[in-house]
Amino acid sequence: MAYSDKVRNMYQEQLEELKEKGLFKEERFIHSSQAADIEVEFPRGSSTKKVINMCANNYLGLSSHPDVIKAAHDGLDSRGYGMSSVRFICGTQDIHNELENKVTEFLGTEDTILFPSCMDANAGVFEAILNEEDIMISDRLVHASIIDGIRLCGAMHDTFKHSNMKHLESKLQLHSDKRLKVVITDGVFSMDGDTAKLDEMAELCEKYDAMLFVDDSHASGFIGKTGRGTHEKYDVMGKIDIITTTFGKALGGASGGCVSGRKELVEMCRQKARPYLFSNTIAPVVVSGVLEVLDSLTASTERRDKLEKNTEFWRNGLEEAGFVLKKGDTPIVPVMLFNAKLAQEFSKELFDEGIYAIGFFFPVVPQGQARIRTQISAGHEMHHLEKALNAFIKVGKKHNILGKSKQEIIDMFGL
Amino acid sequence: MEDMKDVVLNYVIEEYLEDEDEEITYDTPLISGGIVDSFSMVSLKRFLENKYKISIPDEKASPEAFDNVNSIVKVVKEYV
Numbered sequence: 001m002a003y004s005d006k007v008r009n010m011y012q013e014q015l016e017e018l019k020e021k022g023l024f025k026e027e028r029f030i031h032s033s034q035a036a037d038i039e040v041e042f043p044r045g046s047s048t049k050k051v052i053n054m055c056a057n058n059y060l061g062l063s064s065h066p067d068v069i070k071a072a073h074d075g076l077d078s079r080g081y082g083m084s085s086v087r088f089i090c091g092t093q094d095i096h097n098e099l100e101n102k103v104t105e106f107l108g109t110e111d112t113i114l115f116p117s118c119m120d121a122n123a124g125v126f127e128a129i130l131n132e133e134d135i136m137i138s139d140r141l142v143h144a145s146i147i148d149g150i151r152l153c154g155a156m157h158d159t160f161k162h163s164n165m166k167h168l169e170s171k172l173q174l175h176s177d178k179r180l181k182v183v184i185t186d187g188v189f190s191m192d193g194d195t196a197k198l199d200e201m202a203e204l205c206e207k208y209d210a211m212l213f214v215d216d217s218h219a220s221g222f223i224g225k226t227g228r229g230t231h232e233k234y235d236v237m238g239k240i241d242i243i244t245t246t247f248g249k250a251l252g253g254a255s256g257g258c259v260s261g262r263k264e265l266v267e268m269c270r271q272k273a274r275p276y277l278f279s280n281t282i283a284p285v286v287v288s289g290v291l292e293v294l295d296s297l298t299a300s301t302e303r304r305d306k307l308e309k310n311t312e313f314w315r316n317g318l319e320e321a322g323f324v325l326k327k328g329d330t331p332i333v334p335v336m337l338f339n340a341k342l343a344q345e346f347s348k349e350l351f352d353e354g355i356y357a358i359g360f361f362f363p364v365v366p367q368g369q370a371r372i373r374t375q376i377s378a379g380h381e382m383h384h385l386e387k388a389l390n391a392f393i394k395v396g397k398k399h400n401i402l403g404k405s406k407q408e409i410i411d412m413f414g415l
Numbered sequence: 001m002e003d004m005k006d007v008v009l010n011y012v013i014e015e016y017l018e019d020e021d022e023e024i025t026y027d028t029p030l031i032s033g034g035i036v037d038s039f040s041m042v043s044l045k046r047f048l049e050n051k052y053k054i055s056i057p058d059e060k061a062s063p064e065a066f067d068n069v070n071s072i073v074k075v076v077k078e079y080v
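Same order as they appear, the protein sequences are chains A and B. Sequence positions in the first sequence follow the working numbering and run 1 to 415. Sequence positions in the second sequence follow the working numbering and run 1 to 80.
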């Protein structure tokens, strides 16, 4: 047996080390559908507790919407459960093609290709369209899946300081001799909730002959007047060369992702992107659900409008209560606590008050920037938000941080 | 002519330090110390190549050789 005691012990030590450093992740089991009200088993083995979910990517509250569930049921009945094949052998149905066309129309691009997840889209896209003669210039806070995609690609890679356009311009100048240049950013940054300055970036890309890549996973469906994404917010629809996004967040929340953009780039992915070539695509039941989601979002902006109002109420409420927040206008509202232990305790005490919101600390966010990341949903009703706000105020008062500045909180708890 | 050590040090400060109060010296471990990630090293290499009109082979620009200002200068001087 190759898995000797020595090997087992080595892994056990590594896992122990993670626990000692406070980096060991544990799942909390939810015994209900994903929604604003959920039933959670935590700690493991305890009886379930009804709590308000303040940390899901369920921005539009569609994860368990009856219309989406019905569409998924219909899809299951008419197109079956699985494909048992990758796309280019016998794993493509008419509804996969239909969804690609609908996403193209929704995002205002030229063409779209589905991937099993946005993680896969990001992992596959760069290798499919770039080679050693090219350069990828990414914002320093892009999502981990983009970093993985960059690592898998042979092109040179450089970074620019987060949202710093002057620094980006200097990098475009430094690498002006490269065959192709791609500027890479998230549309909405998931940890801070800020948005990329896509108007300025598109202008710089035009000036220096670079392509622009945006991962809009935390934006598709609700950012912009009609929810098309960050490119709509900054009035640069049609100017983004590659958009990747997910169906695992606002757009139904199940799974799946895509690359959408210039038709030749999409076609290159169809020919060469490894996660597309060597993995089954999105299951028919999920495709059917996403089709319904896109139809309903095209027909009405009601849900994204409600999300905007909810976000405004939540952000104003926390600000008036005296919390330190990260500035922004997206439904990602980070409540800054700076100290990792305080963030962990705060999260636990919120849970005791019936509020589910997770603490984030190093290495997920930089050292000394621990926080509770709250995420607002159109599935939240006013009574959810009021109850959550009261719980935050109660726990905030207990730790005496309301009305305190960043420096005062750091002086009280350390970094 | 500006000392090469200071050219490199100033570039690292300007390029990589996010916190203005952070101080580094010629010996501060940059990559192993988490100040420069190995991804971002490429801009330092290209900056030096452009400034001194040299070409540094990729194998010479290893994370170990580029780990502090003193050792970076040592590599660059081989090609100037």
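Simulated from the structure, these hints should not be mistaken for lab results. The C-beta atom is built at its ideal place from N, Cα and C for all residues, glycine as well. Incorrect hints may appear among the rest.
[Said to hold, decoys possible] Within a straight-line C-alpha distance of at most 20 Å, the following computed EDC-like cross-link-like pairs (lysine to aspartate or glutamate) qualify:
#1 A:K178 to B:E23
#2 B:K53 to A:D177
#3 A:K166 to B:E14
#4 A:K326 to B:E18
#5 A:K263 to A:D74
#6 A:K406 to B:E49
#7 A:K161 to B:E78
#8 A:K19 to A:E39
#9 A:K161 to B:D27
#10 A:K49 to A:E349
#11 A:K327 to B:E14
#12 B:K51 to A:E169
#13 A:K166 to B:D3
#14 A:K161 to B:E64
#15 A:K161 to B:E23
#16 A:K406 to B:D37
#17 B:K45 to A:D329
#18 B:K45 to A:E349
#19 A:K166 to B:E15
[As the list claims (entries may be wrong)] In silico negatives: residues of chain A with every beta carbon more than 12 Å from chain B:
#20 A35
#21 D94
#22 S138
Against the structure shown, which of the earlier numbered hints fail to hold, in ascending order? Numbers 1, 5, 6, 7, 8, 9, 11, 13, 14, 16, 17, 18 and 22, in rising order.
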